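Line by line, the protein sequences give chains A and B.
Residue numbers for the first sequence follow the working numbering, beginning at 12 and rising by one.
Residue numbers for the second sequence follow the working numbering, beginning at 12 and rising by one.
These are calculated hints, taken from the structure and not from any lab test.
Small disclaimer: the values here were computed from a predicted structure and weren't measured.
Do not take every clue at face value.
Which copy is meant is left open, so a pair is good if it fits within one copy or across any two.
[To be verified] Derived lysine to aspartate or glutamate pairs resembling DMTMM-like cross-links, with alpha carbons at most 25 Å apart:
| id | residue 1 | residue 2 |
| --- | --- | --- |
| 1 | K64 | D80 |
| 2 | K345 | D72 |
| 3 | K345 | E416 |
| 4 | K322 | E228 |
| 5 | K64 | E238 |
| 6 | K345 | E105 |
| 7 | K64 | E131 |
| 8 | K66 | D80 |
| 9 | K64 | D24 |
Single-letter residue listing:
Protein chains: 2
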Amino acid sequence: MTDEARILQGMRDWLPRRNRLRSWVTGELRTTFELFGFEPLDTPALEYGSTLKGKYGEEADRLIYQFIDRGGRAVGLRYDLTVPLARVVASYPELPRPFKRYQIAPVWRAERPQRGRYREFTQCDVDTVGTTSRLADAEIITVISAGLERLGLPDYTIRLNNRKILQGVAAEVGAEGERAVELFRALDKLDKIGPAGVTAELVESGWNSDTIDRTLEATAVQGTPSEALADLRRRYASNKRAIEGITETEAVVAALAALGVSDHRLRVDLTMIRGLDYYTGPIYEVVVEQPRIGSVSGGGRYDGLIGIFSKQAIPATGGSFGLERIIDVIEDQKLEPAALARTVSEVLVTVFSAETQAASLALARDLRANDIRTEISLVDERLSNQLRSASRRGIPTTIILGPDEVAAGSVVVRDMTTGNQSTIARADVAAIAAAIRSGTT
Amino acid sequence: MTDEARILQGMRDWLPRRNRLRSWVTGELRTTFELFGFEPLDTPALEYGSTLKGKYGEEADRLIYQFIDRGGRAVGLRYDLTVPLARVVASYPELPRPFKRYQIAPVWRAERPQRGRYREFTQCDVDTVGTTSRLADAEIITVISAGLERLGLPDYTIRLNNRKILQGVAAEVGAEGERAVELFRALDKLDKIGPAGVTAELVESGWNSDTIDRTLEATAVQGTPSEALADLRRRYASNKRAIEGITETEAVVAALAALGVSDHRLRVDLTMIRGLDYYTGPIYEVVVEQPRIGSVSGGGRYDGLIGIFSKQAIPATGGSFGLERIIDVIEDQKLEPAALARTVSEVLVTVFSAETQAASLALARDLRANDIRTEISLVDERLSNQLRSASRRGIPTTIILGPDEVAAGSVVVRDMTTGNQSTIARADVAAIAAAIRSGTT
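Model the full structure from these sequences, guided by the hints.
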């Protein structure tokens with residue numbers, strides 16, 4: 012490999028084998044989104060710099076790939092799919108409300124690359140814009156659950172929380188506005204640095220240890236929705252903000268039950284904060300048991316963000332799958348459908364010689380007309396080499412069509428795993444296709 | 012819409028309705044590519060500037076979106092999918108040969124935007140790397156034809172030519188090397204500026220008019236493959252280079268016949284030059300009769316390009332679909348499948364009141380489990396408004412499930428086009444699904 016052929020750090024090539032898995036995952040998610048009536052939206056990779064900047068916080072702004080284009084415009088590669096959605100909502104007032112859309116597309120962040128973190132990665136977003144209904148929140152959580160079920164992830168838990176409950180808790184300990192945000196930011200690190208780490212960080216910011224202890228105690232509530240919500244109702248009976256959040260969560264949980272999300276998947280967890288400041292109501296995150304890689308999906312309600320370009324409040328709720336992490340889970344837990352491990356081709360039609368080539372091509376044509384993914388040997392080489400190459404590449408079936416077969420009006424179908432062969436009449440394409448499929452399935 | 016909400020010039024949002032058509036087209040092409048055993052490859056949008064530059068000619072180099080990233084690296088957005096393929100081939104020597112891959116992905120060019128030309132557009136490329144076999148060329152042409160058939164394009168013609176025949180013709184009139192390239196570049200404009208324009212341009216470059224006339228006369232050969240190739244064989248019997256190209260074309264045409272590409276689709280046409288300098292053998296272009304927008308697909312053999320990063324010759328052949336132009340043809344000719352004109356949702360389950368909401372949600376859950384794309388009303392409003400909204404959005408069927416229906420254990424399925432209604436037992440989800448499907452199909 013020469014110098015020029017390097018790939019950029021933090022970027023990846025998706026070679027066929029792994030790319031088949033990726034296509035399968037995005038295909039299943041797409042099907043899931045559409046089962047719930049979400050419509051596909053796509054937006055350009057490049058946006059005006061002014062569209063992107065100032066939406067993600069100072070630290071994140073620095074991670075936007077931005078530059079000046081040939082026309083002197085400040086432009087940037089999209090950093091997520093939510094700000095483009097906000098731009099679209101502002102640009103096309105004719106869109107229906109609620110507007111339900113999904114988008115599966117790459118985003119770019121100039122982060123320090125590390126295991127599992129890339130500079131180009133794919134987000135799978137699903138959002139409902141234009142309603143404050145609890146049903147809309149429950150629907151997004153149901154979509155996420157349905158997507159994970161479809162992908163065959165066996166052990167996942169949906170952690171539920173609500174920003175209004177957290178605001179209520181913060182008010183109890185005397186933290187409002189910016190101070191509450193500071194508190195949540197520290198609490199968000201509980202998984203990573205533990206209570207001692209969170210305490211140390213808050214002490215450094217000037218919080219007194221009594222307040223910190225009370226906060227940690229208050230957010231330690233965790234359990235099944237029925238237990239935890241009853242507990243919270245007792246604790247915060249006179250805290251209007253918290254009760255509002257508790258009532259919302261109860262409504263979401265009730266809708267989830269009716270929508271078929273199994274209760275044992277759900278866990279109310281007040282330590283689940285989600286870093287982004289823009290959430291305003293229900294928030295959630297999905298964690299898997301194995302491997303221990305944190306969340307594979309998450310989301311929440313964010314009633315202040317979508318209207319940012321429209322200069323009006325537009326409520327919205329949405330969730331997102333981390334495609335790369337889901338692929339990591341599938342590979343780690345060996346959940347990949349067996350067929351994906353193979354090459355795209357279900358069969359290789361061999362070419363015996365220049366004289367029989369046309370017969371092989373015509374058979375390939377007939378198999379494709381029967382929806383069999385058919386490869387034909389393009390390389391002039393001995394039959395044994397063609398078979399060896401098919402075997403090495405994992406093509407499950409080959410067809411031998413030499414002068415004897417042409418003369419007899421038949422073909423030999425060979426299962427490359429078992430070595431079993433059967434002779435089938437050339438005219439009976441349906442029988443040949445069936446033999447190939449029985450080897451493939 | 013505020014200032015900040017602008018989209019960049021030359022970029023497009025794909026709103027749901029049109030995006031469904033786009034997904035359908037890429038899905039059909041993907042299926043076609045895989046039917047022939049081509050494997051999916053994906054590569055990052057960003058590449059090192061040095062990877063991209065110097066590959067497309069001076070003029071094109073200026074159209075690459077390039078910039079310096081935060082790490083001080085010169086980077087650029089990919090300009091096509093062929094140079095990334097060359098980088099991949101150099102980077103992963105373990106890939107099988109021949110390596111057959113497809114890639115459907117956006118590319119970026121800082122061109123002056125105009126009707127049908129965008130700064131971000133999607134290429135659908137299919138290439139075979141690592142063999143000089145004529146079969147590989149014929150296979151790409153067959154894939155293109157199969158893709159267009161699958162998309163239902165009724166009237167298209169595949170124009171065939173071969174760079175070796177053109178080199179033979181150029182040699183006859185005394186043009187070799189760079190002079191031949193100059194000649195082809197001018198001839199390539201024949202469609203646009205006519206023989207007089209081409210003559211004027213060549214005269215200006217110092218060609219004498221006798222040579223120009225002879226060239227125009229020589230390249231005027233056009234017709235069915237059998238007629239045109241026989242004609243060329245007679246004319247160039249003693250021109251070794253031309254005969255080589257003619258023999259290649261004959262082999263490609265014979266393979267196309269065996270692969271099922273109908274002869275009446277093919278036309279040998281020596282004025283079809285294809286601008287890119289890198290072609291070395293068979294070249295082709297697909298034109299449609301209506302609308303008159305030029306070619307929708309094209310390609311050829313380019314044995315010098317893929318090895319550029321490997322410092323060795325690696326033969327390759329490939330073709331490309333212009334997604335945007337194909338969508339233009341489908342819309343212009345109204346070839347869009349009827350189902351795509353509708354919203355994703357096959358049915359809206361209405362919500363009568365807070366009391367019946369759980370019943371509506373449970374029905375939605377059961378319909379989704381039966382693969383019905385089901386939307387539920389998220390907005391608290393009167394039934395009549397829910398029905399009106401479904402009708403306006405083109406959802407073909409609605410389900411009414413009020414207190415009477417809940418009490419009776421039934422649902423009312425309403426066809427929104429005819430207004431016909433039928434009452435079906437709530438327990439019989441299969442019958443409800445069938446009623447929805449009969450309205451949808």
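Hints versus structure:
1. For the homomeric pair K64 and D80, the shortest alpha-carbon distances inside one copy (16 Å) and between copies (17 Å) are both at most 25 Å.
2. In this assembly of identical chains, the alpha carbons of K345 and D72 never lie at most 25 Å apart, being 37 Å within a copy and 45 Å across copies at closest.
3. Within a single copy, K345 and E416 get their C-alpha atoms no closer than 41 Å, and across copies no closer than 46 Å, so neither meets the 25 Å cut-off.
4. Taking the shortest Cα distances, K322 and E228 never come within 25 Å of each other, neither inside one copy (39 Å) nor across copies (66 Å).
5. For the homomeric pair K64 and E238, neither the shortest alpha-carbon distance inside one copy (43 Å) nor that between copies (63 Å) is at most 25 Å.
6. For the homomeric pair K345 and E105, the shortest alpha-carbon distance between copies (24 Å) is at most 25 Å, but the shortest distance inside one copy (45 Å) is not.
7. Taking the shortest Cα distances, K64 and E131 sit within 25 Å of each other both inside one copy (18 Å) and across copies (21 Å).
8. For a Cα distance limit of 25 Å, the shortest separation of K66 from D80 qualifies both inside one copy, at 21 Å, and across copies, at 21 Å.
9. In this assembly of identical chains, the alpha carbons of K64 and D24 lie at most 25 Å apart only when taken from different copies (20 Å versus 29 Å within one copy).
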